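Colleague: Below, each chain spelled out in residue letters.
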Amino acid sequence: MPMRKFLSLLLAVMMLATLTGALAQSGGDVVTIKLMMSQTQEPGVSAAVAAFNEAYKGKYVCEADYLAFDNVFETLEILMSSKSSEYDVFAADGPNIAAYATRGYLAPLTGHFTPEEVALFTPPMQDECVYKGELYGSAMGDSSLVMYYNTKLLEEAGVTYDFQALTGENRISWEELVKIAKEAQAKLDPDGSKGIAGIEFQQVGRTYHMNVLANDLGGKNIGEDGFAVDGILNGPEWIQALTWYQQQVEDGVFTKGIPANETSSYFMADKIIFYLGTTAMPGNFDRNGMTHYAYTYVPYFEGHEEDVTTSCGSWTVGMNPYSDKVEAAVAFIKYLTLYDGADVYINASGMVPALTRQFTEELMTAKPYLRIAQYEGANTALVRAVTPGFNEYATAVNALWENVRNGSDPVKAADNCVDELKTAFLEYE
Amino acid sequence: MLLKIAPYLLISPALVFILVFKIYPIISVVAGSFIRRGELSVRTYEILFGDRVFWNAFLTTLKMNAVMIPLQIVISLILALLINNTIKGVGVFRSIYYLPVTMAISVASVTWGLMMNVNNGVFNSLLSLIGVPRQGFFTDPNQALWCIVLMATWKGCGYWMMYLLAGLKGVDTAIYESAKIDGAGYFTVLFKITLPLIRHAMLFVLVANTSANMLLFAPSKLITEGGPQNSTNVLMYEVYKSAFRNGNMSRAGAITAILLLLIVLMVYLQFKLMNRGEEDA
Numbered sequence: 217m218p219m220r221k222f223l224s225l226l227l228a229v230m231m232l233a234t235l236t237g238a239l240a241q242s243g244g245d246v247v248t249i250k251l252m253m254s255q256t257q258e259p260g261v262s263a264a265v266a267a268f269n270e271a272y273k274g275k276y277v278c279e280a281d282y283l284a285f286d287n288v289f290e291t292l293e294i295l296m297s298s299k300s301s302e303y304d305v306f307a308a309d310g311p312n313i314a315a316y317a318t319r320g321y322l323a324p325l326t327g328h329f330t331p332e333e334v335a336l337f338t339p340p341m342q343d344e345c346v347y348k349g350e351l352y353g354s355a356m357g358d359s360s361l362v363m364y365y366n367t368k369l370l371e372e373a374g375v376t377y378d379f380q381a382l383t384g385e386n387r388i389s390w391e392e393l394v395k396i397a398k399e400a401q402a403k404l405d406p407d408g409s410k411g412i413a414g415i416e417f418q419q420v421g422r423t424y425h426m427n428v429l430a431n432d433l434g435g436k437n438i439g440e441d442g443f444a445v446d447g448i449l450n451g452p453e454w455i456q457a458l459t460w461y462q463q464q465v466e467d468g469v470f471t472k473g474i475p476a477n478e479t480s481s482y483f484m485a486d487k488i489i490f491y492l493g494t495t496a497m498p499g500n501f502d503r504n505g506m507t508h509y510a511y512t513y514v515p516y517f518e519g520h521e522e523d524v525t526t527s528c529g530s531w532t533v534g535m536n537p538y539s540d541k542v543e544a545a546v547a548f549i550k551y552l553t554l555y556d557g558a559d560v561y562i563n564a565s566g567m568v569p570a571l572t573r574q575f576t577e578e579l580m581t582a583k584p585y586l587r588i589a590q591y592e593g594a595n596t597a598l599v600r601a602v603t604p605g606f607n608e609y610a611t612a613v614n615a616l617w618e619n620v621r622n623g624s625d626p627v628k629a630a631d632n633c634v635d636e637l638k639t640a641f642l643e644y645e
Numbered sequence: 643m644l645l646k647i648a649p650y651l652l653i654s655p656a657l658v659f660i661l662v663f664k665i666y667p668i669i670s671v672v673a674g675s676f677i678r679r680g681e682l683s684v685r686t687y688e689i690l691f692g693d694r695v696f697w698n699a700f701l702t703t704l705k706m707n708a709v710m711i712p713l714q715i716v717i718s719l720i721l722a723l724l725i726n727n728t729i730k731g732v733g734v735f736r737s738i739y740y741l742p743v744t745m746a747i748s749v750a751s752v753t754w755g756l757m758m759n760v761n762n763g764v765f766n767s768l769l770s771l772i773g774v775p776r777q778g779f780f781t782d783p784n785q786a787l788w789c790i791v792l793m794a795t796w797k798g799c800g801y802w803m804m805y806l807l808a809g810l811k812g813v814d815t816a817i818y819e820s821a822k823i824d825g826a827g828y829f830t831v832l833f834k835i836t837l838p839l840i841r842h843a844m845l846f847v848l849v850a851n852t853s854a855n856m857l858l859f860a861p862s863k864l865i866t867e868g869g870p871q872n873s874t875n876v877l878m879y880e881v882y883k884s885a886f887r888n889g890n891m892s893r894a895g896a897i898t899a900i901l902l903l904l905i906v907l908m909v910y911l912q913f914k915l916m917n918r919g920e921e922d923a
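Sequence order for the protein chains is S and D. Using the numbering used here, you'd call the opening residue of the first sequence number 217 and step up by one each time. Using the numbering used here, you'd call the opening residue of the second sequence number 643 and step up by one each time.
Think of the hints as simulated: they come from the structure by calculation, not from any bench. Quantities reported herein were computed from a predicted structural model and do not represent experimental measurements. Cβ atoms here follow ideal geometry from the backbone N, Cα and C, with glycine treated the same way. Each hint should be verified, as a subset may be incorrect.
Stated by the list, open to error - Lysine to any residue pairs mimicking SDA-like chemistry, simulated, CA-CA at most 20 Å apart:
#1 D/705 / D/788
#2 D/834 / D/716
#3 S/472 / D/757
#4 S/398 / D/761
#5 D/863 / D/882
#6 S/472 / D/765
#7 S/410 / D/759
#8 S/299 / D/770
#9 S/299 / D/757
#10 S/299 / D/886
#11 S/628 / D/698
#12 S/299 / D/826
#13 S/410 / D/765
#14 S/348 / S/602
#15 D/863 / S/541
#16 S/628 / D/694
#17 S/472 / D/755
#18 D/863 / S/478
#19 S/395 / S/379
#20 S/541 / S/302
#21 S/410 / D/827
#22 D/863 / D/747
#23 S/299 / D/761
#24 S/628 / D/782
#25 S/410 / D/761
#26 S/395 / S/463
Claimed, not checked - Label pairs and their computed distance ranges (CB to CB):
#27 D/691 / S/485: 46 to 54 Å
#28 D/691 / S/625: 26 to 34 Å
#29 D/665 / S/342: 45 to 53 Å
#30 S/411 / D/691: 21 to 29 Å
#31 D/658 / S/300: 22 to 30 Å
#32 S/300 / D/665: 21 to 29 Å
#33 D/887 / S/302: 18 to 26 Å
#34 D/769 / S/507: 33 to 41 Å
Please construct the entire structure, taking both the sequences and the accompanying hints into account.
Modeller: Given below as structure tokens:
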């Protein structure tokens with residue numbers, strides 16, 4: 217008898233469970249989409265994802281995976297080369313749009329965005345996301361280059377130069393900046409035992425920031441066809457920039473042996489006086505309790521006042537062409553990049569807005585460094601090399617800067633880089 | 643009938659495993675290197691053979707291994723001979739020599755990268771104590787490759803030492819005693835008795851060491867990224883860059899196929915060399 221009772225009870229429980237499950241399933245038509253994003257963007261994106269899930273409660277759910285910066289690119293290559301549909305939406309770094317579109321990793325978004333919606337983006341961001349007339353990415357934010365300086369070190373060194381008086385039209389020159397940096401180093405670290413560097417780029421050894429030096433002298437990143445590099449990367453402007461940079465490294469003004477992902481730690485540890493980085497840096501400084509810094513416009517080379525450039529561009533989100541949740545994916549992309557999610561992201565991230573409407577007085581008051589970014593975006597921003605072979609380009613040009621940093625002859629290193637790229641680009645013939 | 647089938651049935655799980663996880667990937671990769679945009683083509687190889695970066699990586703791989711393989715085997719053999727004694731506390735030395743093997747190659751790479759950091763690494767601090775100027779190590783194109791060789795040797799010798807020690811333990815001690823009675827010196831015993839008798843262990847170490855070192859990749863990826871001036875850009879790193887950075891699976895497959903051929907050729911030569919020695923003996 218007890219056994220029969222037990223079996224009846226078990227049967228009833230199972231029926232109830234099945235019924236509950238079925239009801240839950242039929243009651244929810246909730247579509248879950250998966251997002252792959254760089255960990256560097258987690259503060260802003262996670263806030264926007266939470267807001268999206270709240271706004272579309274009962275309809276769509278977004279689950280995000282945050283990968284380490286370098287792993288984003290590799291994971292994307294592995295997944296998309298095998299036509300995976302694991303992620304419906306993923307982070308596509310702006311300069312890679314052309315490469316990903318060429319390889320079929322991104323679904324065109326043109327049909328999903330109205331011209332009015334595309335026009336919401338700032339002009340440089342429209343340029344970055346469009347390849348061969350098709351919109352492939354939707355910009356989450358933009359970036360810009362700002363020069364931070366360590367006020368404590370400059371005060372200790374007795375530097376009285378008024379950096380706050382600098383404007384977009386009245387900048388300090390690289391030559392003068394190097395002179396000030398050397399004088400400060402001589403006072404702060406006369407025997408070099410403290411290892412205090414004068415100047416450094418946040419992304420040292422990477423095309424994103426380093427190309428600015430060549431661009432500042434009038435050098436281009438790549439030819440108009442997206443493949444020509446001969447006469448450009450080994451042209452006079454580039455050789456001059458590479459030679460100048462090497463000289464500064466040898467003089468100890470710029471650092472040697474420090475990778476890009478460690479430079480901010482060095483600045484925060486008072487080991488770098490002038491630091492050229494993105495507008496995401498103040499958030500990083502604040503989180504680490506660094507308050508003795510200020511910021512101003514980036515320098516120019518004497519005689520090249522009109523050539524001053526700043527790096528720009530940032531993460532976009534793209535849609536997987538193998539996703540079968542197009543409607544939900546498009547809804548998420550628009551939410552994150554055009555509408556409420558875009559505001560949540562910008563407020564939480566410290567990135568430069570990619571939408572014209574987001575440059576509000578309120579935002580500028582909360583993040584005053586964005587005024588510099590707004591000026592640079594309108595006047596000096598230069599997108600990175602637009603080429604389907606951007607990965608190859610970045611690998612070779614990153615190595616070029618790093619080789620010159622480590623003592624290679626600039627002319628030979630540039631020629632080698634050009635040879636390497638010419639062969640690499642044969643893959644796209 | 644059952645007796646005839648039984649052996650095949652018994653080895654079939656292992657055979658299936660080998661076919662699926664070893665043979666199929668090799669065929670797939672090699673076949674993939676001949677496919678471009680969905681069509682059969684040798685264009686990938688044409689581009690590759692005209693690519694200076696590839697040839698540089700090829701030569702770097704050979705140069706690195708030409709030094710590293712003999713170096714590791716000699717050091718492993720010396721260590722194995724040292725700990726093949728029955729003195730008190732030899733187990734402690736055995737553990738110490740083996741300890742680097744227990745560290746993951748990624749951890750070892752990062753640790754050596756920090757120790758050899760040009761700015762604040764412990765190696766430069768020690769060198770400065772004896773008045774030697776700061777060295778570039780992984781940032782110096784003339785030193786970086788040899789720093790990797792040093793690191794890989796430190797990491798790998800303990801492992802190969804164990805195989806050679808197993809070989810040494812298998813040698814009958816009566817042979818040593820007879821040689822001693824006959825008045826043979828240490829080096830005569832070593833070259834005339836010990837080494838010929840551990841030939842099989844040596845052959846295994848030689849082949850396995852060659853395969854492992856030819857595929858060494860982590861230090862190039864984690865410390866130098868193939869630089870400076872491509873001085874540490876080995877073939878495996880070139881495969882990685884082609885496949886996972888540039889999304890060029892065809893090129894990655896072609897380099898893998900060449901690397902595979904190179905390893906097979908080297909192993910074949912090693913077998914021939916060791917067998918000839920055996921025949922001579």
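Colleague: Please flag the earlier hints that this structure goes against, numbers listed from lowest up.
Modeller: When the structure is compared with the hints, numbers 8, 9, 12, 15, 21, 23 and 30 turn out to be violated.
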